[in-house]
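*Asks:* Here's the letter readout for the chains.
Number of protein chains: 2
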Amino acid sequence: MLRRREVNEARERAAEILARAGVVLTQKERANIEVADCGLGQLDRVGLQLVTYVNTDRYCAKELVLFPGQTCPEHRHPPVGTDPGKMETFRCRWGRGWLYVEGEPTANIKARVPQGSEPYFTVFHEIELTPGEQYTIPPDTLHWFQAGPEGAVISEFSSPSRDELDIFTDPRIKRIPRTVED
Amino acid sequence: MLRRREVNEARERAAEILARAGVVLTQKERANIEVADCGLGQLDRVGLQLVTYVNTDRYCAKELVLFPGQTCPEHRHPPVGTDPGKMETFRCRWGRGWLYVEGEPTANIKARVPQGSEPYFTVFHEIELTPGEQYTIPPDTLHWFQAGPEGAVISEFSSPSRDELDIFTDPRIKRIPRTVED
Chain D
23 MLRRREVNEA RERAAEILAR AGVVLTQKER ANIEVADCGL GQLDRVGLQL
73 VTYVNTDRYC AKELVLFPGQ TCPEHRHPPV GTDPGKMETF RCRWGRGWLY
123 VEGEPTANIK ARVPQGSEPY FTVFHEIELT PGEQYTIPPD TLHWFQAGPE
173 GAVISEFSSP SRDELDIFTD PRIKRIPRTV ED
Chain H
23 MLRRREVNEA RERAAEILAR AGVVLTQKER ANIEVADCGL GQLDRVGLQL
73 VTYVNTDRYC AKELVLFPGQ TCPEHRHPPV GTDPGKMETF RCRWGRGWLY
123 VEGEPTANIK ARVPQGSEPY FTVFHEIELT PGEQYTIPPD TLHWFQAGPE
173 GAVISEFSSP SRDELDIFTD PRIKRIPRTV ED
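Chains as they are written, first to last, in my numbering: chain D, 23 to 204; chain H, 23 to 204.
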């Protein structure tokens with residue numbers, strides 16, 4: 023759970039990174055940046071910040087902002103009814119990072135698994151993303167992402183988003199942020 | 023129909039505008055920018071340039087680049103089978119422009135209808151788009167767009183794209199570009 027002050031600070035930090043990346047937000051969007059600490063209370067290391075531009079029953083587009091070294095923990099988007107699960111394309115706009123998906127594990131990965139969370143990172147096929155590079159993650163596929171030393175801005179293009187149904191490998195994780203007032 | 027030289031010049035010009043907007047492309051993407059003169063042979067005034075990042079059977083994402091005063095002519099995305107027609111969200115990233123859709127016509131619109139094409143522009147409900155602003159166009163809805171004096175970069179998030187099925191109000195228009203070698 024995050025305190026209101028922490029949420030506001032993270033929003034400002036994310037807005038600065040977006041500005042550096044040349045991404046323009048409206049004032050309302052800036053004030054509503056989603057700060058997801060995944061319920062672990064260590065936002066600097068595990069979590070991410072999101073701006074959802076549009077999420078309809080047909081498609082979704084977001085901007086993901088990661089602080090330097092911040093990790094979006096391992097999860098998958100399961101099938102729901104006739105939907106085979108969310109499919110998403112990550113396009114790096116600024117900074118850099120490493121995406122890990124199911125498949126042949128990469129030797130000597132560049133990211134560092136967050137200390138104390140080792141059992142909950144199980145896929146290690148590495149894709150490095152620098153500005154202009156992108157990768158499409160198939161539905162229902164385990165993946166995680168870590169930003170490099172400057173942080174990263176990633177555009178996510180996808181089928182509809184139902185974040186509350188995401189399945190995280192770490193059972194302690196709660197995807198939907200909860201905030202306590204200071 | 024465009025000459026190879028014109029296509030290459032338009033690609034360079036579009037790449038410069040994208041760079042100014044802070045949008046990073048790979049070398050391959052730069053070399054393959056789609057230049058659509060709509061078959062009218064007056065690209066500076068009517069047409070657009072596109073970078074398609076991803077177009078799957080579930081979603082599509084593109085960057086649209088318009089030169090100063092360039093117009094993407096009026097068209098709609100019709101239903102196809104069980105698909106009610108392409109739905110798209112235009113988000114202005116850089117520059118500015120005016121989007122026109124079906125609905126109450128705006129008095130004294132800001133765009134100028136391209137001379138000689140007046141009969142083929144029939145919807146005049148104006149939405150001004152400046153950086154950070156966006157608008158979602160419902161399926162099967164007539165729309166057209168004109169960039170302001172600096173040009174514009176517009177991110178398009180949408181359901182799958184089937185450009186060859188677009189229906190243009192101007193029967194002279196051919197959406198799929200054809201190039202003749204110099």
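Read the hints as simulated data drawn from the structure, not as lab findings. These numbers were taken from a predicted model, which means no experiment stands behind them. Any given hint could turn out to be false.
Any copy will do: because identical chains look the same in the list, a pair fits if it lies in one copy or spans two.
Distance condition first, Cα-Cα at most 25 Å in a straight line; then the derived SDA-like pairs of lysine to any residue [unchecked claim]:
no.	residue 1	residue 2
1	Lys196	Gly44
2	Lys132	Arg33
3	Lys50	Thr144
4	Lys132	Val46
5	Lys196	Asn54
6	Lys132	Pro199
7	Lys50	Gly138
8	Lys196	Leu62
9	Lys50	Pro101
10	Lys50	Thr158
11	Lys50	Arg194
12	Lys132	Glu28
*Asks:* All hints are to be evaluated individually against the structure, with a verdict given for each.
*Replies:* These are the hints, each one checked on the structure:
1. Lys196 / Gly44: Close neither inside one copy (31 Å) nor across copies (34 Å); limit 25 Å.
2. Lys132 / Arg33: Intra 27 Å, inter 36 Å, cutoff 25 Å: neither.
3. Lys50 / Thr144: Cα proximity of lysine 50 and threonine 144: none, with 38 Å in one copy and 33 Å across.
4. Lys132 / Val46: between (30 Å within a copy, 23 Å between copies)
5. Lys196 / Asn54: within (19 Å within a copy, 42 Å between copies)
6. Lys132 / Pro199: neither (28 Å within a copy, 43 Å between copies)
7. Lys50 / Gly138: Neither, since 37 Å and 41 Å both go past 25 Å.
8. Lys196 / Leu62: Classified as within: same-chain Cα gap 8 Å, cross-chain 55 Å, threshold 25 Å.
9. Lys50 / Pro101: neither (33 Å within a copy, 34 Å between copies)
10. Lys50 / Thr158: between (30 Å within a copy, 17 Å between copies)
11. Lys50 / Arg194: neither (31 Å within a copy, 42 Å between copies)
12. Lys132 / Glu28: So lysine 132 and glutamate 28 fail the 25 Å test inside a copy (29 Å) and across (44 Å) alike.
The structure fails hints 1, 2, 3, 6, 7, 9, 11, 12 (numbered hints given earlier, in ascending order).
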